[in-house]
Amino acid sequence: MSGVRAIAGFGRTVSDLGATEAFYRDGLGFARLAPPEPLPPAQAEAMGLADRRATQLRMQLGAQTVTFLAVDPPGLPAPADPVATDPFFQHLAIPVRSMDAAMAQLARAGPKPISRGGPQALPASSGGVTAWKFRDPDGHPLELIFFPDGPPAERWRAAPGLFLGIDHSAITVTDLDAALAFLTGPLGLRVAQRGLNQGAEQGRLDGVDDPEVDVIALEPPAAEPHVEVLHYRRPAARRPSPSVFGPGDTATTRFVFAVADTDNLLRVLREAGCAPHGSADGAATYCAGPDGHGFLFLRDSP
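Numbering-wise (the working numbering), the sequence shown opens with residue 32 and increments by one.
It is worth saying that the hints were derived from the structure and are not from the lab.
Careful, some of the hints might be misleading.
Listed below are the simulated DMTMM-like cross-link pairs for lysine to aspartate or glutamate, each with C-alpha atoms no more than 25 Å apart in a straight line [unchecked claim]: (1) 143 with 112; (2) 143 with 57; (3) 143 with 241.
Please put together the full structure from these sequences, using the hints given.
Structure below.
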């Protein structure tokens with residue numbers, strides 16, 4: 032096995048760290064962990080950014096961390112008209128204590144709506160949650176989600192504040208079998224839940240017409256946060272896969288996994304037919320999934 036322990040955080044490439052910090056701080060309650068600083072050399076090497084100036088800003092919401100990365104010279108900009116079915120789509124899902132209060136605070140930061148008609152209450156067959164999707168200043172998607180009851184609500188009950196943390200990150204994939212083979216094979220994640228979401232509420236939430244989407248939740252050994260896979264049976268993706276975007280491009284979001292042994296991880300990924308890049312000191316490994324989504328693996332102490 033690869034030795035993947037947990038999702039240690041997430042990474043996003045952005046164009047302006049100041050504007051990003053203001054949006055996530057004022058609109059979503061994130062707190063800065065440290066001033067902007069150079070990306071650690073091992074990570075820059077693994078991500079193919081050693082020859083560019085890469086500056087990171089680490090922010091926290093609850094127990095979860097997001098590292099925002101600005102690269103100079105910058106990479107490719109995000110497409111001007113992204114949609115939920117694009118294979119580079121990856122959102123961060125933020126559970127909230129009150130949807131009305133969260134929407135009121137977020138409105139002051141100027142989010143760009145994805146959802147149509149405000150928050151959507153999904154039917155029980157689609158989880159029974161209330162959710163709203165939107166974009167940050169660079170077009171990165173996010174989701175506010177309110178859990179009315181059940182295990183998800185109980186899981187977040189003790190979290191302080193209005194914006195409680197990051198429950199999961201969802202990626203859109205074009206080949207469901209390939210995505211699940213990658214996530215459950217070399218990464219060793221466990222399929223925890225499967226569903227098929229459709230209907231008018233799902234269409235308004237996703238900002239697409241008449242969707243039918245497989246939704247699969249996968250967990251690392253430390254179950255939270257977790258990975259969610261979105262596979263649209265319809266409408267079809269407008270852009271081809273794999274994605275052309277890499278870690279230096281502003282369309283990208285990355286999972287950051289803690290692993291026990293990066294040398295073993297490299298071997299497992301290569302045996303699975305992937306093309307990972309590891310740092311010389313073994314502290315970091317980067318790999319793209321079947322649709323180009325980024326996975327950064329950092330060596331973790333036992």
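How the hints compare with the structure:
Pair hint residue 143 plus residue 112 holds up; C-alpha atoms about 12 Å apart against a cutoff of 25 Å. About 15 Å separates the Cα atoms of residue 143 and residue 57, which keeps this hinted pair within 25 Å; it holds. With a C-alpha separation of about 22 Å, the suggested pairing of residue 143 with residue 241 holds against the 25 Å cut-off.
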